[in-house]
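As a plain string of letters, each chain reads:
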Amino acid sequence: MSLSDFSFLVQNIAELADWRYVTMWVIGGLLIFLAIKYEMEPTLLLPLGFGTILVNIPFSGAIDRLVNGETESGALTTLFNAGISNELFPLILFIGIGAMIDFGPLLSNPKLMIFGAAAQFGIFFTFCTASMFFDLNDAASIGIIGAADGPTAIVVSQKLDSAYQGAIMVAAYSYMALVPIIQPPVIKLLTTKKERLIRMPYEQKSVSKLTKILFPIIITVIAGIVAPESVSLIGFLMFGNLIRECGVLNSLSETAQNVLANLITIFLGITIASQMQAEKFLKPDTLLILGLGLFAFIFDTAGGVIFAKFLNLFLKKKINPMIGAAGISAFPMSGRVVHKMGIKEDPQNFLLMQSIGVNVSGQIASVIAGGLILNFFM
Amino acid sequence: MNFEPTNFISSLEYLAVGMISIFVVIGVIVLVTVLLNKIFRPGGKK
Numbered sequence: 277m278s279l280s281d282f283s284f285l286v287q288n289i290a291e292l293a294d295w296r297y298v299t300m301w302v303i304g305g306l307l308i309f310l311a312i313k314y315e316m317e318p319t320l321l322l323p324l325g326f327g328t329i330l331v332n333i334p335f336s337g338a339i340d341r342l343v344n345g346e347t348e349s350g351a352l353t354t355l356f357n358a359g360i361s362n363e364l365f366p367l368i369l370f371i372g373i374g375a376m377i378d379f380g381p382l383l384s385n386p387k388l389m390i391f392g393a394a395a396q397f398g399i400f401f402t403f404c405t406a407s408m409f410f411d412l413n414d415a416a417s418i419g420i421i422g423a424a425d426g427p428t429a430i431v432v433s434q435k436l437d438s439a440y441q442g443a444i445m446v447a448a449y450s451y452m453a454l455v456p457i458i459q460p461p462v463i464k465l466l467t468t469k470k471e472r473l474i475r476m477p478y479e480q481k482s483v484s485k486l487t488k489i490l491f492p493i494i495i496t497v498i499a500g501i502v503a504p505e506s507v508s509l510i511g512f513l514m515f516g517n518l519i520r521e522c523g524v525l526n527s528l529s530e531t532a533q534n535v536l537a538n539l540i541t542i543f544l545g546i547t548i549a550s551q552m553q554a555e556k557f558l559k560p561d562t563l564l565i566l567g568l569g570l571f572a573f574i575f576d577t578a579g580g581v582i583f584a585k586f587l588n589l590f591l592k593k594k595i596n597p598m599i600g601a602a603g604i605s606a607f608p609m610s611g612r613v614v615h616k617m618g619i620k621e622d623p624q625n626f627l628l629m630q631s632i633g634v635n636v637s638g639q640i641a642s643v644i645a646g647g648l649i650l651n652f653f654m
Numbered sequence: 040m041n042f043e044p045t046n047f048i049s050s051l052e053y054l055a056v057g058m059i060s061i062f063v064v065i066g067v068i069v070l071v072t073v074l075l076n077k078i079f080r081p082g083g084k085k
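Chains as they are written, first to last, in the working numbering: chain Z, 277 to 654; chain B, 40 to 85.
Just chain Z, with the same shape it has in the complex (with noise of 0.2 Å):
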């Protein structure tokens, strides 16, 4: 027995000259770091930062790999196959969170669901933007980050095929962590002081349970007439809803909750982080994808923000416009933002129902900007 008998031990270690290794170790610790120091959407940026770490250990066994000329199964290739490419995950966390939402406080008040559809603006700005440096699929999945939706930018950069799929999921699972660092600045720099005093009393309408069963099913033919394509992700959406609402099924209403939600998000993160090879992941238009992700954010921030200034303009009973910025869809965060903006200005003004139900009309329109992309570009 002899020292190079131990060689292989050590073999690895020259790889690691390699900066962009431990480049990506770094940006993995710094995931995790931020999921445990500030709790920011810790069920994904833990997982995703552990995989990132996972993936980038030379000649890692957990991605697919040649060896002597033929390539080895990784399981994170493997899950991300069968769950990631054939968009199985994300459409099984839609069942989750459509489980998750009430959509009472916008049934009670169904207008409050046009904010939604202004706060889409980021997504086709920043497509526009976009196109100016990708190619039109690209620059598509790109402004989709903006639909401040995890699994309906995993869906539409999947079957527009975008060669940028690790850097949009990962810009779109980050900035909806970074959703109360983002838009407070933003909705402050629009409003004024006056503007953000504007009080809105809230009155409890009550809902007849018909209306919250038939509500899941009619919007998901409505959107499915218009955009075909988004049938799977609204159909899913609204199919964990109808769950939730139909008052006979509470049981799997509680699984699809929590046992389901939380089982899909693990695999989910860690699978995601299959993606973050350093090869694919360090390049300069991963840095441009991840600035045009903030941009995307802040444009939908502004959208929501001017359009409820714009229709002050016209009513004489005044909206709070920071509501508007609450459309963007990162469910339940906005909504809370905007809540505890108002409290910040007033302690009296209580603008969470408004603000919630701003916020769940962000995910249906969000969805519904999903498909209309697809059905420009598929």
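Simulated from the structure, these hints should not be mistaken for laboratory data.
Don't take every hint at face value.
[As the list claims (entries may be wrong)] Only pairs whose alpha carbons sit at most 30 Å apart, straight line, appear in this in silico DSBU-like list of lysine-lysine: (1) K77(B) / K485(Z); (2) K77(B) / K593(Z); (3) K594(Z) / K77(B); (4) K77(B) / K556(Z); (5) K387(Z) / K77(B).
[Said to hold, decoys possible] Footprint (simulated), chain Z over chain B, 3 or more residues, beta carbon under 8 Å: (6) 40-50; (7) 53-63; (8) 72-79.
A quick note: this is a predicted structure, and the numbers were derived from the prediction, not measured.
Glycine is no exception: its CB is placed at the ideal position from the N, C-alpha and C atoms.
With chain Z's structure known, arrange chain B on it following the hints.
Chain B in isolation, oriented as in the chain Z frame:
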């Protein structure tokens, strides 16, 4: 990756069509919801 500023102008059409379409679809959904609320009032006649 190339820089083609003219693409911004040519893709503005998608912005216009996309935003108008979303407002139309959401408008229809608002109308349907208002109708649902009127037809099926809680505690109203079945």
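Now for the hints, and whether the structure bears them out:
no.: 1; hint: K77(B) / K485(Z); verdict: 13 Å, holds
no.: 2; hint: K77(B) / K593(Z); verdict: 23 Å, holds
no.: 3; hint: K594(Z) / K77(B); verdict: 25 Å, holds
no.: 4; hint: K77(B) / K556(Z); verdict: 54 Å, violated
no.: 5; hint: K387(Z) / K77(B); verdict: 14 Å, holds
no.: 6; hint: 40-50; verdict: holds (count 9)
no.: 7; hint: 53-63; verdict: holds (count 8)
no.: 8; hint: 72-79; verdict: holds (count 5)
Of the numbered hints given earlier, the model fails hint 4 alone.
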